[in-house]
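Participant: Below are the chains, spelled out letter by letter.
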Amino acid sequence: MTTTGLRGGLAVAALAALAFLAQDAGAQASAPDLYVVALATVKNVADRPSTPIPASLRKNKVYWRVLRSGTEVSYQLCLGFFGTQRDAESARQQLAASFREARVIQVSPQERDNLEKASRARTAAPAAAALPPPPAAPPTAVPARTATPPAPAPSAQADPLQPAAPPAAPALAGSPEALMAEGRGAIVREDYAAAIRAFTQLLALPQNALTRDAQEFLALSYERRGDTARARTEYEDYLKKYPEGDDSVRVRQRLASLAAAPQAEVLRRPTEPQQGWRSFVGGGLSQFYYHGNSKIDSQPLGPNALDRTTLSVVDQSALITSADLNARFMNDTHENRIVFRDVNTRNFIAGQESVNRLDQAYYDYKYKPANASARVGRQPGNTAGLPGRFDGALLGYGVTSSTRLGLAAGEPVIPGFSIDSVQRFWGASAELGPFNQRWSGNVYVFRQTVDGIDDRDAVGAEARYFRPDGYFSTTVDYDTLFRHLNIATAQGNWIAPWRTSFNILLDYRMTPSLQTTSAIIGAPTTSIRQLLAIYTEDQLRQQARDVTAQSAIAYGGFTHPVTSVWQLGVNAQVTRISHTNATPNYPASPGSGYIKTLTSQAIGTGVFATRDVTVASVSGVTADTYNGLAGQLTARFPVGASWTFDGAVVWYGQKNDDGSTLQRISPVGRASWRWRNSITLELEAGIENTNTSSAFLQEVTHRYFFSAGYRWDF
Amino acid sequence: MDDLALAAAFVVALLGTTSAAAAVIDEIAVERGEAAAPRVRVKLTAPVHYIRDYASRNGELVNVQLEALAPLAPGEPPFPDEVKRFPGSGPIPPFTVRISLDPLCEPVLNPVCILIQYERPVRSRVRLGEDRRSLLLDFPTTPDENKHSPNTDKKK
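Note that the protein sequences, when read in sequence, are chains A and B. Number 222 in my numbering belongs to position 222 of the first sequence; there are no gaps in the numbering. Number 7 in my numbering belongs to position 7 of the second sequence; there are no gaps in the numbering.
Hints may be right or wrong, so weigh each one.
Which stretches of chain B does chain A cover? Using the computed rule of at least three CB atoms under 8 Å from a CB of chain A, they are [unchecked claim]:
(1) 48-55
(2) 66-72
(3) 103-109
Selected chain B positions facing chain A (in silico; Cβ < 7 Å) [unchecked claim]:
(4) G33
(5) R41
(6) N58
(7) R132
No lab work stands behind these hints, which were simulated from the structure alone. Yeah, the Cβ is synthetic: ideal placement off N, Cα and C, and Gly gets one too.
Using the sequences provided together with the hints, build the complete structure.
Facilitator: Right, here's the structure in full:
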């Protein structure tokens, strides 16, 4: 439920009674302050997150505080009360896994006392008679609920537990107002049986100002209780009676949500405490056949030119099968996950090998209260200096809410490749933050050996600054073995208030990454052990360094919406890859020089209908030895509920300093059809015409290609 | 010479600092976002740089253009696209994520082009996760005209 109308539901007895118990505050003013853990802040109490409270904290109270900033109201879900800040901080750490934004705040003893008194008042008096209208939204004046203002800024002046409006006079028992208050209060208390009784009684009364809301709340109560069929009936009934208006839009959305009811990983409501184990199994299987055929027509030029030749060849014929499995078994404390992903390529062209690539096969366990985790098997790395993929173990443990230690060990893996050397690594890291909800980062050390000698020793750090309208981050990786900077990166993005999106990237890195194993490039063996019989360690490292280039990228760009349909973007990029030196086994290679690219893009959304996306772009490239110009037009549009069509035309022209030229044009189309939400059939086809011309040769390549297959998602 | 080329290709792949296979999506998980709004985190297997995102007018299609800081599939052809399906959860409709590493999909060095196709129109917002290796799909519960993916219910 996403209505501010439910703000009124906040009138649980605790809060409702506070208004008339406020006078007791003075008596408590001199008592020492208390501490609570603010778990989350929401605009509506109906959006209350699930609250998996550890057993050790269940003696504490979970309650709402009201935050007011000007005319805006939000609600803070809190766990209290704690006599010392240390106790509260300890509780917050236990809850950090479930409530990342949780923080400790200081409250007055009055808040606790008021809550207790309100609880006593609630149990002592009949709800309908005792409950005054909710402080934020009196039932007789339901605000436009789709116009909920944004949540107040974190710095908003909170006025905890102090209703802005004076309490209204208690409604008469059995009146629409009293029933509405009773029903809303029951929703907040998660007593849906009582809520359904109250709203049903209200709907039995003659038509009144609250009938419409009662119909919606009744449906909501059934939905929260898990009675989807009855909720659907009540929502449909609502739409029959009230087809127009913002509220009807919302009800349609809720009805659609019911229609798309999930099979797993349901976003939990507070009314559905997930105390038992639950499981989820998903994945997919796909098979696609790829075929490509090239016809090359070559015409040598010049006085002694040979005859024209034509070559036609099948350059691609492969069946690619992908299997993907993801299984979870979890409760509120433990989470077990098994992941398997494999890609098999069956090549039908003689001389081209068929390969199987096991991308991922790991078991992952999380113990949420301690923010601890363990992952074992073939898994992705790419963090804290770890290789992109490895066989091994990765452990993590949250020592505090802002510090998480990691330990990894294993062997790097390149699916489809193997070398006659043994690489092993270990790494340790500390993930830090968030601090002030903005800053985070990590520091790490990493050491890898190959055949018993040092392969890569690195230390690194990463700093990140995030806010809702942008981010900036920087990464440094320094190799202590080679005594050389391996990676230095800075990147950022900012969306300005006028909706222009800026982004920038500065990246320097050794490519490939510095490590002794690079010495096998060009060597007659892939065994470092065998190379050590010929070269010393220092010589191998020098060879590794000689074949390692330096890559540098500077990129900047912006995108700005110019109309409701079109946005324009401009990007500029400069890249450079340095030369490499010759080794006894591998020749030197020249550097790329500076390659400068300027691109402008026009992005149209809804050019032809509400569902299409069209992108046109033009790029100019300038390099030391050539200039190029590229144009591209792509469009994508779903048709009906099952079809999606994609189309693209790409053109590229290049003029080299030696006078030769290249022109290429390639139209491609793709159609996909989805059947019963689980099977997708896809067909893609295209052609590519390339024309190269020099003083000695004119060559035309005509290539056509297609792919066809299916994907089964389960 | 073939061995030399093979060894060179191998090492480029081996030492590419990122995953050698184009398995870009690690996991799709449901979270609570700001103000407890529904959120999906698409976890990636490597850190990326955000370039831009744009959506169809009804929010059904969302394109996200990213750049990997190092090749995600060095030495491999840019096919096939990686596709994963999310079954939906509560107010979040089912959707399909398609990832293309086709060098033509964005004029940067290591493009990662993501197409998210929802099964029905939805208002969503995309941004890069604070870890730089995930995409956050937020489904705000209140209208915001500044969102990239407007709600069809608000359109003509």
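Participant: Does each hint fit the structure? Answer for all of them.
Facilitator: Status of the hints after comparison with the structure:
Only residues whose C-beta sits within less than 8 Å of a C-beta in chain A count toward coverage, and the stretch 48-55 of chain B has 6 of them, enough to reach three; the restraint holds. Only residues whose beta carbon comes within less than 8 Å of a beta carbon in chain A count, and the stretch 66-72 of chain B has 3; three or more means the coverage holds. Beta-carbon proximity to chain A at under 8 Å applies to 4 residues in the stretch 103-109 of chain B; the threshold of 3 is reached and the given coverage holds. Using the Cβ-Cβ criterion of 7 Å, the hint placing B:G33 at the interface with chain A is not satisfied: the shortest such distance is roughly 10 Å.
The beta carbon of B:R41 comes no nearer than 12 Å to any beta carbon in chain A, farther than 7 Å, and the hint placing it at the interface is violated. A least Cβ separation of about 4 Å between B:N58 and chain A falls short of the 7 Å threshold, and the interface hint therefore holds. The interface hint given for B:R132 is met, as the beta carbon of that residue sits about 6 Å from the closest beta carbon of chain A, less than 7 Å.
The structure fails to meet hints 4 and 5 from the earlier list, while all remaining hints are met.
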